[in-house]
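Undergrad: One point on numbering: in the working numbering, the residue at position 148 of the sequence shown is 148, and numbering is uninterrupted.
These are computed hints drawn from the structure, not numbers from a lab. Treat the hints loosely; a few may be bogus.
Stated by the list, open to error - The list that follows gives simulated cross-link-like pairs (lysine to aspartate or glutamate, EDC-like), each with its CA atoms no further than 16 Å apart:
no.	residue 1	residue 2
1	LYS664	ASP534
2	LYS69	ASP123
3	LYS69	GLU31
4	LYS643	GLU633
5	LYS576	GLU633
6	LYS526	ASP560
7	LYS237	ASP153
8	LYS431	GLU65
9	LYS339	GLU316
10	LYS339	GLU322
11	LYS576	GLU184
12	LYS445	GLU359
13	LYS69	ASP25
14	LYS96	ASP35
15	LYS69	GLU46
16	LYS630	GLU618
17	LYS428	GLU129
18	LYS431	ASP25
19	LYS526	GLU567
20	LYS445	GLU207
21	LYS108	GLU46
22	LYS428	GLU207
From a predicted model like this one, the values you see are computed outputs, not experimental measurements.
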Amino acid sequence: MTNPLMSQWDTPFELAPFDTIRDEDFAPAFEAALDAHNAEIAAIAENTDTPTFANTVEALEAAGEALNKVLSVFFTVAGADSNPAREALQRDFSPKMAAHFAAISSNKALFTRLADLWARRDDLGLSPEQARVLMLSHRGFVRAGAALEGAADARMGEIKGRLAVLGTQFTQNLLADERDWFMELTEDDLDGLPDFAVEAMRAAGVEKGADGPVVTTGRSIITPFLQFSTRRDLRQKAYQAFTARGANGNDNDNRAIAAEILSLREERAHLLGYADFASYKLETEMAKTPDRVAELLEAVWQPAKARAEADATVLEEMMHAEGINGDLEAWDWHYYAAKRRKAEHDLDEAELKPYLQLERMIEASFACATRLFGLEFTPLDVPLYHEDCRAWEVTRNGEHVAVFIGDYFARGSKRSGAWCSAMRAQAKFPKVQAPVVINVCNFAKGDPALLSYDDARTLFHEFGHALHQMLSNVTYESISGTSVARDFVELPSQLYEHWLEVPEVLQEFATHAETGEAMPAAMLEKVLGAANFDQGFQTVEYVASAMVDLAFHRGAAAADPMAKQAEVLAGLGMPKQIAMRHATPHFAHVFAGDGYSSGYYSYMWSEVMDADAFAAFEEVGGAFDPTKAKALEDNILSTGGSKEAEELYVAFRGRMPGVEALLKGRGLS
């Protein structure tokens, strides 16, 4: 039988033929694709012709198509629909991939050709985009260790291979803890829980094979449980299980893995001549230095902490008024915060949620993209990797733009969180290709599926990433879509969240699941009025995580990351009623790979810009001003990494903003 991963995909839009791909197809296709890529790299490196942009840089851009096809499919299903076979394959693939790409980045002949081009760059007659790609290629090889020799070169390869293994192990341990833990509830345990929460817990029970409703560690289930359950003992049990993921002393414990990862990252930075890993990692970001990151986080920390401490006092008084003595604990915060929001804003999650149907919020995210950028979305009937997935063709003026896939529901085979990825990125070289973009979320199933307001923001956030991919309009895939500085990549996603808060959007799409009626004007006013409710808590849990991440990678690596985490939090004066959003053993952003290592701050760095960027719309014709929408697409969404991030933002806005916009946006100024 022909391996579909190694065949031409004669499918609509050349989508992966998921209905014919079997797990046993991945290994032979992966090995064949590796061999093909090695041959392509060898041909470039061994070319005896004088290096040119075409025979070196463009040749590198064109290489690896078969490998990209295999890996795009594999990592899509490994993250969103894993199983034991795929987990075993990932453990096998990770070190091989690390060795493969380490060999490319340390290929001396290849680096010599790039260095030659870099030395002659001003005489090559390159376009601005080509000059950018050459710079990024040369810099990438240098930062990967291509200039290292002898023992240092060999050690760098070992480090990369080991980090790949550890990142995979960290991810799979976390998934196992999240998949294995659940708390069964009897009918007597449901006191205080609204119908939408009970329905989601019953659906989770079916998925777990339980006889009744269960609480899982998925945020779409555990958060409403913590908000509404009157059973303080069960809230404590659920909360402690949630925060103990990856630190249970079992085979899935991630603490030793985190320590080894930090040590290897430090060694990697030293081999390349940097003082520490944070200095190495931040060099290519907008922030540039650890000091600038710390300056931002410290500017936000004090006002956020002051607000959180004031809120904690109010919540503890509410708890005491109910006859519960003692201190407010972390598992009490959501419960009393929900009561306080109801009292102060007359806003009840149970009353609000029927107005936030998943289907209508998808429609809303599409409708905003239509009004802003002229995009149209037509459902596609194509095979996908799971029955929960759906696909749409994206067009503009009748022309194909992209394929968008949505995978919205939580399940045991899916890692937690939400993300956007491109199975195929936009490019015009070596051939014109339109992007295939996926949004993956973890919303609770229901009939209909109902979202919290935070869930709806997540949907808009991930769709903002998708727009960055879909509207990309560059020549080379290496700078396409979200291939930008890490502390700039969150700007389009966080900016798009603002359109959920536009009153006319909620008026049209926030309709009741049973009656179909629009959200009442009074409720809409309350929703928008409560937008900054509990921002002290939310900002503290986020900034604490970012501070710990930065401390891990600044200076010498901690031999005991948990002790270092405790030290940083103590130094901050972390309110005891609030935990880090991501404690070390389940901090996948930082330890599942290098993506957000030293970079978790980037959400806040981007938020400084997103508040200011949305203000640009409000200052002129409003949220759907066509001139500003075109400027946003032309200067940010379509440009990928073709220019420095700060240059792109200034081209859109005319200047860089200060932290005041962020504090004002969060209600902390």
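Undergrad: Mind checking the alpha carbons of LYS526 and ASP560 for me, to see if they're no more than 16 Å apart?
TA: violated, 46 Å
Undergrad: Is LYS431 close enough to GLU65, meaning Cα to Cα at most 16 Å?
TA: Status holds; Cα separation ~11 Å.
Undergrad: Between LYS69 and GLU31, is the straight-line Cα distance small enough, at 16 Å or below?
TA: Holds - the C-alpha atoms of GLU31 and LYS69 are around 13 Å apart, at most 16 Å.
Undergrad: Just to be careful, I want the Cα atoms of LYS445 and GLU359 compared with a cutoff of 16 Å; is the pair within it?
TA: Between LYS445 and GLU359 the Cα gap is close to 12 Å, so the pair holds against 16 Å.
Undergrad: Given the hint that LYS428 pairs with GLU207, test it: the Cα-Cα distance must not exceed 16 Å.
TA: Status violated; Cα separation ~43 Å.
Undergrad: Quick one, are LYS445 and GLU207 close enough, alpha carbons at most 16 Å?
TA: Roughly 10 Å between the alpha carbons, so the hint for LYS445 and GLU207 holds.
Undergrad: Would you check the hint for LYS431 and ASP25, treating anything up to 16 Å between C-alpha atoms as holding?
TA: violated, 26 Å
Undergrad: Between LYS69 and GLU46, is the straight-line Cα distance small enough, at 16 Å or below?
TA: Answer violated: LYS69 to GLU46 is near 25 Å, above 16 Å.
Undergrad: Quick one, are LYS108 and GLU46 close enough, alpha carbons at most 16 Å?
TA: Status holds; Cα separation ~11 Å.
Undergrad: Under the criterion that the straight-line Cα-Cα distance not exceed 16 Å, is the pair LYS339, GLU322 satisfied?
TA: holds, 12 Å
Undergrad: Has the given pair, LYS576 with GLU633, been kept, meaning a C-alpha gap of at most 16 Å?
TA: With Cα atoms ~44 Å apart, LYS576 and GLU633 exceed 16 Å; violated.
Undergrad: Is the straight-line distance between the alpha-carbon of LYS69 and that of ASP123 16 Å or less?
TA: violated, 36 Å
When held up to the earlier numbered hints, the structure conflicts with 2, 5, 6, 7, 11, 15, 18, 19, 22 and fits the remainder.
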